[in-house]
Structures are given as C-alpha cells and as structure tokens.
Amino acid sequence: MAEAELANTRSEAIVPDIQNPIVTVSNLSLYYGETQALFDIDMQIPEHRVTALIGPSGCGKSTLLRCMNRLNDLIDSVRIKGVVEIDNDDIYNSGYDVISLRRQVGMVFQKSNPFPKSIYENLVYGLRIAGENRRAVLDEVVERSLQAAALWDEVKDRLDESALGLSGGQQQRLCIARAIAVEPAVILMDEPCSALDPIATGRIEETIEELKKQYTIVIVTHNMQQASRISDYTAFFYLGRLIEMAETSEMFTNPQLEQTEDYVTGRFG
Amino acid sequence: MKNLLNRGPSAQVWKTGVPFIWLTGSALALCLLMITGLVALVMYNGTGFFWPSDIEAVIFKDGRKAMGQRWDKQEIPASNRTGSGQFRIQLKVGNRDVYGSDFQWIDESDIQSTDYPVDAVVFERREWGNFYGFVEALYEGENRVSNTWDVLQAQLDKTRERHEQIRQIEKDAIGDLNRQIESLRLKKREIEFGDGNADEIDAIDRESRSYWEAYERLADQLAQLRAANEIYRIDVRLIGGEVRQIATADVVRAYRPNRLGMLGKTSVYLSRVGEFLFDEPRESNTEGGVFPAIFGTVMMVFLMSLAAVPFGILAALYLREYARQGILVRVIRIAVNNLAGVPSIVFGMFGLGFFVYGIGGSIDQFFFSEALPAPTYGTGGILWASLTLALLTVPVMIVSAEEALSAVPSDVRAGSLALGATKLQTILRVVLPGALPGILTGIILVIARGAGEVAPLMITGVVKLAPALPVDGIWPFFHLERKFMHLGFHIYDVGFQSPNVEAARPMVYTTTLLLMGIVLALNLVAILVRNRLRKRFGGATF
Ligand SMILES: Nc1ncnc2c1ncn2[C@@H]1O[C@H](COP(=O)(O)OP(=O)(O)O)[C@@H](O)[C@H]1O
Ligand SMILES: [Mg+2]
Numbered sequence: 089m090a091e092a093e094l095a096n097t098r099s100e101a102i103v104p105d106i107q108n109p110i111v112t113v114s115n116l117s118l119y120y121g122e123t124q125a126l127f128d129i130d131m132q133i134p135e136h137r138v139t140a141l142i143g144p145s146g147c148g149k150s151t152l153l154r155c156m157n158r159l160n161d162l163i164d165s166v167r168i169k170g171v172v173e174i175d176n177d178d179i180y181n182s183g184y185d186v187i188s189l190r191r192q193v194g195m196v197f198q199k200s201n202p203f204p205k206s207i208y209e210n211l212v213y214g215l216r217i218a219g220e221n222r223r224a225v226l227d228e229v230v231e232r233s234l235q236a237a238a239l240w241d242e243v244k245d246r247l248d249e250s251a252l253g254l255s256g257g258q259q260q261r262l263c264i265a266r267a268i269a270v271e272p273a274v275i276l277m278d279e280p281c282s283a284l285d286p287i288a289t290g291r292i293e294e295t296i297e298e299l300k301k302q303y304t305i306v307i308v309t310h311n312m313q314q315a316s317r318i319s320d321y322t323a324f325f326y327l328g329r330l331i332e333m334a335e336t337s338e339m340f341t342n343p344q345l346e347q348t349e350d351y352v353t354g355r356f357g
Numbered sequence: 194m195k196n197l198l199n200r201g202p203s204a205q206v207w208k209t210g211v212p213f214i215w216l217t218g219s220a221l222a223l224c225l226l227m228i229t230g231l232v233a234l235v236m237y238n239g240t241g242f243f244w245p246s247d248i249e250a251v252i253f254k255d256g257r258k259a260m261g262q263r264w265d266k267q268e269i270p271a272s273n274r275t276g277s278g279q280f281r282i283q284l285k286v287g288n289r290d291v292y293g294s295d296f297q298w299i300d301e302s303d304i305q306s307t308d309y310p311v312d313a314v315v316f317e318r319r320e321w322g323n324f325y326g327f328v329e330a331l332y333e334g335e336n337r338v339s340n341t342w343d344v345l346q347a348q349l350d351k352t353r354e355r356h357e358q359i360r361q362i363e364k365d366a367i368g369d370l371n372r373q374i375e376s377l378r379l380k381k382r383e384i385e386f387g388d389g390n391a392d393e394i395d396a397i398d399r400e401s402r403s404y405w406e407a408y409e410r411l412a413d414q415l416a417q418l419r420a421a422n423e424i425y426r427i428d429v430r431l432i433g434g435e436v437r438q439i440a441t442a443d444v445v446r447a448y449r450p451n452r453l454g455m456l457g458k459t460s461v462y463l464s465r466v467g468e469f470l471f472d473e474p475r476e477s478n479t480e481g482g483v484f485p486a487i488f489g490t491v492m493m494v495f496l497m498s499l500a501a502v503p504f505g506i507l508a509a510l511y512l513r514e515y516a517r518q519g520i521l522v523r524v525i526r527i528a529v530n531n532l533a534g535v536p537s538i539v540f541g542m543f544g545l546g547f548f549v550y551g552i553g554g555s556i557d558q559f560f561f562s563e564a565l566p567a568p569t570y571g572t573g574g575i576l577w578a579s580l581t582l583a584l585l586t587v588p589v590m591i592v593s594a595e596e597a598l599s600a601v602p603s604d605v606r607a608g609s610l611a612l613g614a615t616k617l618q619t620i621l622r623v624v625l626p627g628a629l630p631g632i633l634t635g636i637i638l639v640i641a642r643g644a645g646e647v648a649p650l651m652i653t654g655v656v657k658l659a660p661a662l663p664v665d666g667i668w669p670f671f672h673l674e675r676k677f678m679h680l681g682f683h684i685y686d687v688g689f690q691s692p693n694v695e696a697a698r699p700m701v702y703t704t705t706l707l708l709m710g711i712v713l714a715l716n717l718v719a720i721l722v723r724n725r726l727r728k729r730f731g732g733a734t735f
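For the protein sequence lines, the chains are A and B, in the order given.
Here the numbering used here = 1-based position in the first sequence + 88.
Here the numbering used here = 1-based position in the second sequence + 193.
One or more of the hints may lead you astray.
Said to hold, decoys possible - List of simulated lysine to any residue pairs, SDA-like, C-alpha gap at most 25 angstroms: (1) B:K616 to A:L226; (2) A:K199 to B:K254; (3) B:K285 to B:F243; (4) B:K616 to A:A218; (5) B:K616 to A:L299; (6) A:K244 to A:E173; (7) B:K616 to A:K300; (8) B:K728 to A:D164; (9) B:K458 to B:A347; (10) B:K728 to A:Y208; (11) B:K616 to A:L215; (12) A:K300 to A:L215; (13) A:K301 to A:Q235; (14) A:K244 to B:R727; (15) B:K381 to B:P669; (16) A:K199 to B:P626; (17) B:K616 to A:Y208; (18) B:K616 to A:D185; (19) A:K199 to B:L629; (20) B:K616 to A:D164; (21) B:K616 to A:S182; (22) B:K616 to A:R291; (23) A:K199 to B:R622; (24) B:K616 to B:V461; (25) B:K616 to B:M651; (26) B:K616 to A:Y180; (27) A:K169 to B:R517; (28) B:K616 to A:G183; (29) B:K364 to B:G482; (30) A:K300 to B:A607; (31) A:K199 to B:D604; (32) B:K254 to B:L223; (33) B:K728 to A:N181; (34) A:K300 to A:E173.
What the hints contain is simulated information worked out from the structure, not anything from laboratory work.
Quantities reported herein were computed from a predicted structural model and do not represent experimental measurements.
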C-alpha cells in the first residue's frame, strides 16, 4: 500500500481502551533532519503489562522506543513534535530531568552491551553513578537483580570476573539484570533476543514473564510467536505510523485490519 | 568469458591464490630478516667489546716488536699486496702517550713470531687510554716495594678509594658551596640594584666569607688526598724494552688477560659492563660509562610521556566525544595526522624558538633577572627538550587514543546513558576503561618514537657532557632547567665526533644495544600493563 493512500484512508489508528496507562504518547512526530520517521503517534502503554511493538524493519519501532527514555537526544539531527508523558509528566518538557527519567525507564538493547568491567560492577553501575556506594546495599541489589534475571546461579561464584567473558545469552540477561538493578518503572527492550539462539531466547522469555509482575515492559520484536507468547498488548507499526493496537489475543486471532492480519500471519513483512 | 578466465595453466595457478600467499609471506619474511639482521649485527658488535681478549706480542722479521689486543683482521686486496701475506691484522697497542696512536696495522708477512706473554698487563687509565706492558717495579714514595700482583692490586684499591673521595668532594661539597656563593652573589646584586642597604650587604659578605673559608678547608683536604695518592707509582716496561712510569691513581683497572681463565675473564667482563652502566664517561665519552645518558634518556622519556599522554588523551576525548562531527573536525583530524609526519628537526626549531627563547626567556626576565645575562631557563634544558618531544609525539597519541575511543561500541555508551549516567560519567567510567588497552598501545608508540629521536634534542638541551644530573640531593631536587645527556646523541657523538673514532666504534654499538634495550624495556612494561588490563576486561572487543 502506498504511503499517501495509507495516510488518506487511515488517519486514526485503532487503539484499545487502556485503564491505567503509565506512558502516554500523544501526537508524536519525529524527524531525522528532513526525513520524518514517526507520524502522529497516539498510544498508551498499560502499567504492569508487556506491550509488544511489531512491524517491518525501518517502520520506527526503535525510534519510538528511544523516545520514551529520550535516548534520541544523542542524535543531533533529531527533532520531535508532540507529547510523551510518563506518570502524567511531559518528559520533553524543558524542565524535565533526563537523568531521573532514565532511572525510571530502563533499556535493554538489541546487542548485549555489558561494560568492560566485572559482572558485579556492571550490575551496580546504575547505583554507583547515583552515588550509592555502601557495600551491603550493593551486594543485596546484585543478588536480587541476578535472581530476577535468572542468572544468579550461573554467575554467583564469578562476580569479580569480566562481564565480557559471559556467553551471549548470559550477557543479555546481565543487561536485563543491570536495568532492573535501579528499579525502574518501565523497561524498554529493543529486540533483546534477535542475536540469541532458541534456548537463550527461551530463558529470556521466562525472565520477562517473571518481570512483568513488577515492571511495565515495552518490547520490540520481529518474532510473531514471541509477541504472542509473552505480550499482553501488541501494537503494529507501518512506515512510521501506528496502525493497530489491541490485546495480544485479539490481535492474533481477530485483527481489525486486513493489513495487520497479513503481517501477523506472515503474508507480508 | 569462460575462455578469458581459463586461458592456461598460469591463469589456473593465479586462481588458486597460491602466488599471492607466497608474495605476502615473503614480504613478511624479508621484514623479519631485516629486523633480526639489525639486532644480530648490533648484538655481535656490541656485546664483545667488554670481553678482555688476550694480549699478543708480535716480533717482526726486522726485529721490531709490538704488543696489544687483536682488534681486526682484513684480507689485503691483491692489487696492493706488498709482501706474500694475504691478511693484515690490527692490534690495539695502546700507550697513546708513547706511540701517538692506539692502533697498528701489521702485515702478516712481516711477522716473525707471535706469542702470548703471561705477565703482560692491561692498564685501563683514566686518561690516554689503555697501557700495555709488564710491571717492572712498584714505588711507595721513594721506596721500591715488593713487586707482586697482590701489592699492585692493594695499591690500586687504596688509590681508587681516595679517588672516589676526591670526586665526591669536588662534585658534591664544592659544587654545593659554589651554588651557595653564587646565590649570595646574586642576592647581593639584587640589593645593590635596589635600596643598597649596607647592613644587609655586610651580612651577605660575612656569610660569603664563611663559605670561602669552608672552601679553603675542602681545597686543603683535596690537596692532601691527592698527595697521598701521588706516592704510588708503577714502572712499566714496554714491549720495546723502554720503561715508563705511570701513577697508580690514574689506573682504573689492571689485569693480565693471558693468565685469566674463563672465570677470571668473566669477572673482568662483568666489572667493565658494570662500569659502562653505572659510571660516568671518561676520555670525551669514548671510555667509561654512560650512566648520565641512560638517566637522561629515561627521565626525558618520562617527562615527555607525562606531558604528551594526558594532553593527547584529552584532545582525543574532545575530538571524539564532544566535538560536533563535521567538516572542521575532519580538517583537524587530517592536520593532526599530518603533524605526526612533520620532520622532527622542524619541531626542534619550534622548541628552540618557542620554549627556549620564548617561554624560557620570559621566565628568566621575571624570576631570574639577577642572573642575567647568564640564562637560567632561557637556554636548552631537559624540560624544554621533553616538551618539544611531547609536541612531536602528541599527534601519535591523539590518533591512537581516538582510534581506541572509537573502538568502544556506541551501544555501550548508550547503555550507560540509558542507566541515567551523565556524559562525563559515561566517559570516565565506561569509555575510558574500554579504550585503555588501545590507549596503552598509543603510549607504547609514543615512547618508541620519543626515545629514538635525537635531532630536535640537539638544539633544545642535549649536550655531549653534562656537568650534573637533572636530579640530585639539592633542593628542589628536580632541576629541569639543566642540560642533559641522551643515549641517541651519545651514539652520534661517540661515533662521529670523538677524536678517536676507531677506538670508539665498539662503544657505539654497545650504546646502540643499550638504547634498544631501554626502549624495549619501556615498551615491555607498557605491554605487560596492557595485557593485564585486557585480561581484566576480558574479550577481544576492547
Ligand atoms: N540515526 C538515524 N539517522 C537518520 N535516520 C535514521 C536514524 N535511525 C533510524 N533512522 C531511520 O528511521 C527509520 C526508522 O528506523 P528504526 O526506528 O530503527 O526502525 P525499526 O527499529 O522499526 O527497524 C528508518 O527509515 C531509518 O532509516
Ligand atoms: Mg530497530
């Protein structure tokens, strides 16, 4: 479907009613220099749920995700219009404290990115930069977050070894543990399993299952099965627009739009 | 198309890629060969110098005699052969004060016989080079004492001890007094220029007089020590039969190589190596040690690194982390890269103009004006030389630090920022540790480059013979304005500027070997540190 046609036919996305949104995106447009990457996104992320963002490559999922912790600020050419609210605060407000935002909204990247430090120091990084240096507190956080990421048993005897010595899957779970060590409200995950084998993927999915009791998770994925397995809500994007968002069961069994159905059933994408 | 590609067996061979493997392999082999050849040559020429070879006594057919240590052996070109001999040998016959020259070429065909007299002695002297001969008699004052080897060695020990004392007094005590007197003189001048307060001038004069008295006492002491050493003398019979007298105090070391076994020679060898490493040079640098040059080289490299490394890292951090990547940054990057290729003498000229005359001259104006026109900082010194070299090596540091920084994945930075770190925290806690091994590689390059440079040093503070080390026990301990010695310059000076190039040649190789060893040692330290860091941070990512 051509872009212009799409814009004409579907100015409003189909979105569900969400009772307790923690993130609210209103009218969000984003430009990389002259090129527009996001078009008038309106969506709400429910608290303590897993929301999956799906859509073909280049449709703006990562870009949208990075709007939620203002990581797009790092790119000089980015311009943003619209509002992103977390707990009813506009995070793009000039007075908003980016540092505290990022403590509230953690992120796990596509490629695992442990720091060139020991496992222990990786985990307490967020606390240390916030000024927390009491050993007892740090020890406790390390154990808690490793338990939560189901990594404790594997690494508890080698906390002082370099994090770069872990396997790919372990590194990714370490990054998840590192994100939850600072107890954020929301965790953003950008295709966290795309570089991992099925077994490692399975373990991460289990971890996510556990985490959603306490955290709000927004996950980008290319894997429809994964989306249907782990998420409560799914949002489908196409060419920078939100096309349809619904409860996951609804989305995969009974999508409102043919375009969505085509994508989730794998007929195009 | 198919026909074109499969034109024959030679095309087939090219397709397998084997010739290319051979080409690349042999290029590498050639490089290795050249490097090992260089090291082997220097090792071969440099390590043998201290070995005490046997003394040959040659009797010519016409009855003349010569005695010395074998230095060289050459084939005589057929065109200018006079006798029947095919070879000629070069003897180091020493006794420069008697013969006028240290060396003698001898045509093999002129030789009647050669033998190795067991009692032949090598005297290494503080002046005039080696003396070869036989001990005829020993004197203590007017008295002839028993002429045994043990007595000679005992006398040598005694005189050596006094010689040390003399040197100590000359260098430390008198040097100290000189400085005190000089500073008093400058103070007095300052007062005279100022209000001319007579009381203060009087006080200074009194103090100055007390120093002069102390000086007088030291001079007396020196004269006594010298007189005490005077009484020991040795009568040495040369191979030709004549007898010469030398002062025991002039002898550094005496040994009879023809009597020494392996063990004895080794001990002489080690003692000479020790002298080389830990003593000061003698005889316009062609003998003795190179300690001041070692010290100067290492200290210069340290000072240089101290200036170049942090500066380079900071500049690289700005370029890579803060500057907006655009045309300006690209131009700067190209300029920095090119700066690394500017001939070093150009930096030397800049150092002379900017550091020595510019900054040094201003420092003198403001802080050492009472000493003018004699310059303090406004002349070459180790500080200016190090800074000049730092300038020369800082581009190397910037380039490699930038490379190391850009090797840290951007995801890792983003990961740190996403955890709520500020940019500064990210740089200090994540980026720099990740880039550290690469930065250390840069430091290795800086050290290697800096330790090998000579040209810019020659106009910014290196001298043939420095009167004092840049570090000593006198406050403020580090005297960065002082001139210094450097192994690279030492090699040049000994090899090409010394009055006795022939005798100095082995010294050149030995010093070269030492310079290579020092650069290697400095690099080894950096490499060890880097490997430890690699191990700590694990993985090949960094
Ligand atoms: N740093 C950037 N500069 C310019 N364009 C970008 C940048 N990052 C992404 N884009 C563009 O924005 C669009 C959306 O990219 P992205 O959010 O990465 O898509 P997705 O994650 O859905 O695959 C793409 O067309 C991409 O080319
Ligand atoms: Mg993406």
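Q.
Under the constraints set out in the numbered hints, which ones does this structure not fulfil?
A. Structure breaks hints 2, 5, 6, 7, 8, 22, 24, 25, 32 and 33.
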